[in-house]
Amino acid sequence: MNSLDDLELELRKLPGVKAAGFDEREDMLLVQLHLGDRIDAPEHPVPIDASRIVARHIEERTAVEIVRWRSFPAAAVAAPPVVDVTAPAAAAEGVAGEVAIDDTGSFGRRARLLAVLAFPDSDELEVHLILDGRRTIGRAVSSSGLLGAVEATLAAVRELGATFTPHALFAREIENDADERAVVAVALEGVVDDAPTDYGIAAGASPIDAAARSTLAALNRRLAQVL
Amino acid sequence: MTDPSEELLATIATTDSGIALIYQSLDALVEQFSLEDAAVVLEERQIGRQIFCAGRRPLSQDDDELLVAPPGLYTQPALEHDDFDRSLMLSLCVLALRLDVVRYDAWHDPLTGLYDRRSFIRLLEMAIARSNRYGWQFTLVVLDLDHLKVVNDTEGHPAGDAALRELGDRFRRVLRIGDDAARIGGDEFAMILPNTPPEAVELLMERVRSAEGFDRPCPSFSYGWAQIPGDATEHEELMKIADQRLYEKKAGR
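Chains as they are written, first to last, in our numbering: chain W, 1 to 227; chain P, 228 to 480.
Simulated from the structure, these hints should not be mistaken for lab results. Since the model is a prediction, treat every value here as computed from it, not as a measurement. The beta-carbon is built from N, C-alpha and C at its ideal position, and this holds for glycine as well. A portion of the hints provided could be inaccurate.
[To be verified] Covered by chain P, per the in silico footprint, the following chain W stretches (three or more residues, Cβ under 8 Å): (1) 23-36; (2) 51-64; (3) 206-216.
[What the hints assert, rightly or not] Below, a list of computed lysine to any residue pairs in the SDA-like style, where the Cα atoms sit at most 20 Å apart: (4) K13(W) - E234(P); (5) K13(W) - A333(P); (6) K13(W) - T460(P); (7) K13(W) - G457(P).
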């Protein structure tokens with residue numbers, strides 16, 4: 001096995017991973033993982049574990065992109081356009097109604113969160129977003145905790161072209177939901193001039209994940225105004 | 228025209244990588260039938276549903292149908308060659324992936340995910356052979372988790388397992404590309420550290436102890452080392468020297 005095969009197998013063995021892909025770019029290797037709709041174990045968040053595995057196998061500069069799927073009742077999902085299928089009939093019966101959409105369940109034009117990566121060694125935190133196929137990364141100081149995640153998300157949205165300079169009034173962890181996911185509420189001021197405070201609330205696999213999601217939830221409502 | 232399934236069947240028994248074989252088959256399919264794209268969705272017993280696209284490419288927004296597709300072979304445009312056995316190719320791809328998973332499990336410790344003893348000895352022999360041939364230096368570290376029996380007896384085996392797993396996680400976090408770590412016995416670990424003088428080992432062990440992101444302090448451990456060139460030319464002797472230094476350290480406490 002070469003290093004890329006070893007890496008891919010190790011990544012596909014991470015809980016919930018359904019697809020892995022690689023894109024060689026001029027200055028880095030993009031590693032993309034698709035995850036099913038499951039909650040990461042708190043001590044083994046998949047984005048962090050994946051980043052570490054990639055770092056062990058690849059010496060060149062890399063970016064790890066995590067795409068999470070959400071499950072919906074099969075009836076709510078349009079049948080996929082089948083191109084050419086060779087599948088046992090029995091297997092087709094077990095298809096789950098899963099589709100990649102944004103975290104709010106809306107199909108509108110919204111930035112989608114790909115990954116929140118914390119690098120304690122370098123005190124850096126990265127938020128990866130995608131909008132209309134364009135990916136951006138926002139960075140902030142990891143030791144700033146929830147506010148770091150908010151700042152990194154704002155930076156990632158600015159990378160998409162937003163010219164705003166909002167600041168966080170607060171970012172608070174409220175409680176854990178029934179699935180033991182962290183729930184964070186965020187209040188942003190100055191997203192749009194003369195507009196009231198924007199609030200966002202979201203659950204995530206970790207507090208910083210939830211903070212990034214709640215920031216995005218607040219910003220997505222204003223996307224048409226700020227981009 | 229050669230059937231890609233037949234090629235897959237011919238090489239599956241001798242390949243080192245089932246994943247590479249799956250991609251080779253998809254790429255061959257694209258080339259032989261002048262397709263724009265090909266992908267396969269597999270259901271593997273241990274790691275579940277897996278999607279592979281020709282060229283090892285990432286999924287794009289146009290691949291939404293693959294996300295919900297049942298196991299099968301998908302091509303763009305539709306494949307219309309009746310002489311090509313798609314079911315056979317699908318079955319062989321599952322087998323190739325299964326072999327990879329089994330091979331991986333055979334060489335790794337299921338508790339920590341590190342290499343197991345057998346893999347480690349093989350890696351050590353290779354490292355020694357390279358060192359003897361090219362003069363490359365490396366340090367072998369043998370490491371014991373302290374008081375595992377006490378933890379097992381007083382807090383139960385799950386607590387002992389958690390301590391072993393955590394130490395494995397810490398090694399994974401701290402070790403560099405090219406370093407190898409293994410769990411070679413109940414409470415014993417070992418590492419091969421290329422281009423690392425023995426003086427640097429304590430620094431590395433300190434990084435293991437102080438690694439961030441863990442809820443509790445690092446489990447206590449002791450270690451000994453041996454280096455090549457210098458200490459031995461065979462792996463048994465090298466392990467023995469590292470073990471001796473480990474026990475001297477423990478006895479000196």
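For each hint, the structure was consulted:
no.	hint	verdict
1	23-36	holds (count 5)
2	51-64	holds (count 6)
3	206-216	violated (count 0)
4	K13(W) - E234(P)	27 Å, violated
5	K13(W) - A333(P)	14 Å, holds
6	K13(W) - T460(P)	37 Å, violated
7	K13(W) - G457(P)	39 Å, violated
The structure shown violates the earlier hints numbered 3, 4, 6, 7.
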